[in-house]
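Asks: Letter by letter, the chains look like this.
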Amino acid sequence: EPEVTQTPSHQVTQMGQEVILRCVPISNHLYFYWYRQILGQKVEFLVSFYNNEISEKSEIFDDQFSVERPDGSNFTLKIRSTKLEDSAMYFCASSGPLRGSNQPQHFGDGTRLSIL
Amino acid sequence: GENVGLHLPTLSVQEGDNSIINCAYSNSASDYFIWYKQESGKGPQFIIDIRSNMDKRQGQRVTVLLNKTVKHLSLQIAATQPGDSAVYFCAENRSSGYALNFGKGTSLLVTP
Numbered sequence: 001e002p003e004v005t006q007t008p009s010h011q012v013t014q015m016g017q018e019v020i021l022r023c024v025p026i027s028n029h030l031y032f033y034w035y036r037q038i039l040g041q042k043v044e045f046l047v048s049f050y051n052n053e054i055s056e057k058s059e060i061f062d063d064q065f066s067v068e069r070p071d072g073s074n075f076t077l078k079i080r081s082t083k084l085e086d087s088a089m090y091f092c093a094s095s096g097p098l099r100g101s102n103q104p105q106h107f108g109d110g111t112r113l114s115i116l
Numbered sequence: 001g002e003n004v005g006l007h008l009p010t011l012s013v014q015e016g017d018n019s020i021i022n023c024a025y026s027n028s029a030s031d032y033f034i035w036y037k038q039e040s041g042k043g044p045q046f047i048i049d050i051r052s053n054m055d056k057r058q059g060q061r062v063t064v065l066l067n068k069t070v071k072h073l074s075l076q077i078a079a080t081q082p083g084d085s086a087v088y089f090c091a092e093n094r095s096s097g098y099a100l101n102f103g104k105g106t107s108l109l110v111t112p
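Protein chains in written order, with our numbering: chain P, 1 to 116; chain W, 1 to 112.
Quick caveat, the hints were computed from the structure, so don't treat them as lab data.
Values in this document were obtained by computation on a predicted structure and should not be read as measured data.
A virtual CB, placed ideally from N, CA and C, is assigned to each residue, including glycine.
Treat the hints with caution; some may be incorrect.
Said to hold, decoys possible - Stretch-level coverage of chain P by chain W, calculated; a stretch enters the list once three of its residues show a Cβ under 8 Å from a Cβ in chain W: (1) 36 to 46; (2) 99 to 108.
What the hints assert, rightly or not - Computed list of chain P residues with no C-beta within reach of chain W, every gap over 12 Å: (3) P8; (4) G16; (5) V19; (6) I20; (7) P70.
Work the whole structure out from these sequences, hints included.
Replies: Here you go:
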């Protein structure tokens, strides 16, 4: 069964450094998402991406965050200057292949980001 | 504002019993709801979804019920097994698009 894959599984970074989290969504999916989950809390939406542009973002997704689909398979989340409070699990998800319809989002197993 | 939450943070059931996990939502404009299972160290795993034009949907051993009048969603798991032990999240689509707004999660513990 196709799955969403994320790398690395764990990233440790010094505060103030840039970090890039990588995702390979399911190949025929059209919609891509990033969520985060702070330890013991609920999953929070960050950003959605469709047709090579951001379609929706939450208040968490400020100027320090950016997303990119650099080629036909990868989807990345960049945090420009990390803060302690960015420590969380970051999940990538994708949905598709239909356009214009709510469909189940399939999640990767996440990247645990630890900011020191 | 949008608020999706769960009535009970933990639920303990005996193996073989049926489980019911409840969820309340506040956004009457939501038209898509979904349940996820999350095991330790893993990402949310899709279980079942339902659109607002339905009030019940069944899958394999699972049933989702939607009551739009009281803005309530439930997940029923039949013949609960130890492998069902996990945290269960309900989610609804955000008003502005396809992204999801998650509830806080219910921890289901299945005892032999």
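Asks: State for each hint whether it applies.
Replies: Going through the hints against the structure:
1. With a cut-off of 8 Å between beta carbons, the stretch 36 to 46 of chain P has 5 residues touching chain W; three or more are needed, and the interface restraint holds.
2. Coverage of a stretch by a chain is defined here by at least three residues with a beta carbon nearer than 8 Å to that chain's beta carbons; for the stretch 99 to 108 of chain P and chain W the count is 7, and the condition holds.
3. The Cβ of P:P8 sits about 14 Å from the closest Cβ of chain W, beyond the 12 Å cut-off, so the non-interface label holds.
4. Every Cβ of chain W is farther than 12 Å from the Cβ of P:G16; the closest lies at roughly 28 Å, confirming the non-interface assignment.
5. With a least beta-carbon separation of about 19 Å from chain W, P:V19 lies farther than 12 Å from that chain, consistent with its non-interface assignment.
6. The non-interface label for P:I20 is consistent with chain W: the shortest C-beta to C-beta separation is roughly 19 Å, beyond 12 Å.
7. Its beta-carbon lying about 22 Å from the closest one in chain W, P:P70 satisfies the requirement of being farther than 12 Å from that chain.
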